[in-house]
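Residue-level listing of the chains:
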Amino acid sequence: MNWIEPNIIDVNPLQQLNEQGILTGETSISDEEKLEIYKWMVKARRFDELAVKFQRQGRIGTYAPLIGQEAAQVGSAFALEKKDWIFPSYREAGACFVRGTKPSSFFKYAMGHLHGGILKEERIFPVQIIIGAQTLHAAGSAWADQYKTNGAVSVAYVGDGATSQGDFHEALNFASVFQLPVIYFVQNNQWAISVPYHKQTNSQSIAQKALAYGMTGVQVDGNDAVAVYETMKQARSLAREGKPVLIEALTHRMGPHTTSDDPSKYRSREADEAWDKKDPIFRYRKWLEGLQLWSEEEEQDLNASIEEELKQAFNEAAETTTASLGEALGHVYEKPTNRLKEQILEWEGSGESK
Amino acid sequence: MTEMNMIEAINFTLKQEMEKDENVLILGEDIGRNGGVFRATDGLVDTFGERRVVDTPLAESAIIGTAVGMAVRGLKPVAEIQFLGFIYESMDQIAAQAARIRFRSAGNYHAPMVIRAPYSGGVKTPELHSDSLEALFMHSAGIKVIMPSTPSDAKGLLSAAIADPDPVLFLEPMKLYRALRENVEEERFTIEIGEANVVMEGSDITLISWGAAMAETKKAVQMLEENGYSIELIDLRTIVPLDEETIIDSVMKTSRCVVVHEAVKSAGVGAEISAIINEKALFYISAPVLRVTGYDSPYPVATVENEWIPSMDRIVREVKHVWELSLD
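Chains as they are written, first to last, in numbering that gives the first Met the number 0: chain A, 0 to 353; chain B, 0 to 327.
Misleading hints may appear alongside valid ones.
Said to hold, decoys possible - Just a few of them, taken from the derived set where beta-carbon distance is under 7 Å, the chain A residues facing chain B:
| # | residue |
| --- | --- |
| 1 | His-114 |
| 2 | Leu-135 |
| 3 | Ala-138 |
| 4 | Gly-139 |
| 5 | Ser-140 |
| 6 | Phe-173 |
| 7 | Glu-298 |
| 8 | Leu-309 |
| 9 | His-330 |
| 10 | Val-331 |
| 11 | Tyr-332 |
As the list claims (entries may be wrong) - Here are the computed lysine-lysine pairs in the DSS-like style, where the Cα-Cα straight-line distance is at most 30 Å:
| # | chain 1 | residue 1 | chain 2 | residue 2 |
| --- | --- | --- | --- | --- |
| 12 | A | Lys-276 | A | Lys-232 |
| 13 | A | Lys-334 | B | Lys-279 |
| 14 | A | Lys-119 | B | Lys-19 |
| 15 | A | Lys-147 | B | Lys-14 |
| 16 | A | Lys-340 | B | Lys-264 |
| 17 | A | Lys-82 | B | Lys-19 |
| 18 | B | Lys-279 | A | Lys-340 |
| 19 | A | Lys-147 | B | Lys-19 |
| 20 | B | Lys-319 | B | Lys-279 |
| 21 | A | Lys-334 | B | Lys-14 |
| 22 | B | Lys-19 | A | Lys-334 |
| 23 | B | Lys-252 | A | Lys-340 |
| 24 | A | Lys-242 | A | Lys-147 |
| 25 | A | Lys-232 | A | Lys-82 |
| 26 | A | Lys-81 | A | Lys-33 |
| 27 | A | Lys-285 | A | Lys-52 |
Hints listed in this document are in silico derivations from the structure and should not be mistaken for laboratory results. Note that the coordinates shown come from a computational prediction; the quantities given were computed from them, not determined experimentally. The C-beta atom is built at its ideal place from N, Cα and C for all residues, glycine as well.
Please model the complete structure; the sequences and the hints are all you need to start from.
Written out as structure tokens, the structure reads:
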């Protein structure tokens, strides 16, 4: 009998740029692109630090930090084309920035503005709250592109927790059966709120789950922007040919799940320190410096310009006029039902009497 | 005009809509070669091919979830859930995804899709095939809910549902799929979603029903008319949006109302109708609004289902009860 045992599955994460900033593989990234990727990662991290600070100061609402996942997000989004669509969770500000989202949009989203985080022009689906639900939307979107032969791909961004959801498995199955131009990009950041990877699944890797669905899977060092970018490029061409791909980017959520939880309750400082040494930005900067593409002076200039941009973005969000409940109620259906019209009038009446 | 039963009318409409717009495609379990377990999609795969008539793997959440993605990206998916009792498996994708996307994106995204599902009892199905779950969706803002009771209404409303810019749940009474035939206009036409049909005018009591329950209600009306009652019969046709105007106008005229539905009583659509009448026509009614409904249990096994479903006798009894309770 040919038993299929988990230990016959061998997964080695792909790495191109090691923890010391030394390129161990080959890359097609041009010098100009190398710098762009770096700048996006630094911007994502600074945005993240500011968002956490603003939440602590009560200036924005709950925020889900992405610190540690900059290479996974920027590297993957940077490999896409403009016509592609992405389906993010709530932790994907970095990927969204690369697609053209203004930081002010994300501040507005966190402030609870009606028009916050609406990213249609950037071909980004509204941020998903229900874990894994967007995997199916991405499959449907890819289906539409396949139907219209647009040559675009759709990418669903999920975390390791989402791989326990039924929707994730139904999505992989559909993607493979219908040969959809879709990529599932899992950021395995080791934690689903407080539950570690080994309690989320007994699989050795998430990448291997692709095998069961008859599709291609790959595990990549998610803190290595070069490897993530190259993997995503290849996945994109496979997906375009109707070969969907599951990518597992091994990374680490350095911060809490959201500004509402305290990681010291469920994880050790020692384990975190091991991951800190794999910092995606540190190694990338060392690489650029080794290539004579980056200097301390340029670093300071970059930080100053990002600081200024984010300050302006926050001010823009803070000064945005609040939409009314009446306006919001107008968006339940294309045309409000009679019942809703009545309720909008009731709301207007209550406004007058205040 | 051609004589059709409801299943034929639905099949005819799907074909007509797919011919009209190549972005319309249908997906679901066994809808292709098998033509659907009730033959609603019979022959469509021969006409339109597997690209537009998609037999999917057995996964309700994926059927609806992929339809959401397609709809947002410019296709017009008509998804089938084989039996309404199986729709719980896709509840997140309907209530939290399809229904909410317009609202939570401030109108930037919307999912113009149709979900068709057979429901209703009286046909001795196994467990979880017959449940009437319309109230769940009435409670999920952002989706429309249609429940026709005649072949012609099914045709006009299905065309309207496919043209609608919002997600629509289209519930088909299994019991009435082949129960009656009538002349149906072949030319494409639509019936406005949210417009009830006053089936019969009368002055004593308003009877409100929809979908599968219309069959017994009509029988009861006939019996009551023979007993000298003048009944105004309203077929709601659409649960969301609800045609409050027709309900209120009728009740103001008759001053009495009985609602008949197959779903369980508690927090059902009948409770909503009763509340509307209370809010908007209290001083025009002379008796409490009564409901004839299924019992507050899961849908029962076949041997007792006929006692569970609102019967002509129960409807007649409640109408007489309202008459006795009347103040005038």
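Does Ser-140/A pass the interface hint, meaning its C-beta sits closer than 7 Å to a C-beta of chain B? 4 Å, holds
Agreement of Lys-276/A and Lys-232/A with the hint, judged by alpha carbon distance not exceeding 30 Å: Within the cut-off at roughly 27 Å; holds.
Sort out whether Lys-264/B lies within 30 Å of Lys-340/A, counting only the CA atoms. 28 Å, holds
Between Lys-147/A and Lys-14/B, does the CA-CA distance stay at or below 30 Å? Measuring from Cα to Cα gives roughly 20 Å; hence the hint holds.
Checking one constraint from the list: CA of Lys-242/A to CA of Lys-147/A, max 30 Å. Satisfied? Within the cut-off at roughly 17 Å; holds.
Is the interface hint satisfied for Ala-138/A? The criterion is a beta-carbon contact with chain B at less than 7 Å. OK, holds: Ala-138/A within 7 Å of chain B, min 5 Å.
Mind checking the alpha carbons of Lys-147/A and Lys-19/B for me, to see if they're no more than 30 Å apart? 17 Å, holds
Taking 30 Å as the top limit, are the C-alpha atoms of Lys-319/B and Lys-279/B close enough? The given pair, whose Cα atoms are some 24 Å apart, holds under the 30 Å limit.
Restraint status (C-alpha distance of Lys-285/A to Lys-52/A at most 30 Å): Holds, at about 27 Å.
Minimum beta-carbon distance criterion (7 Å), Gly-139/A to chain B: 2 Å, holds
How about Leu-135/A: closest beta carbon in chain B under 7 Å, or not? 3 Å, holds
Are Lys-119/A and Lys-19/B close enough, with their CA atoms no more than 30 Å apart? Judged against 30 Å, a Cα distance of about 28 Å means the pair holds.
In this structure, the earlier hints numbered 7, 8 are contradicted, and the remaining ones agree with it.
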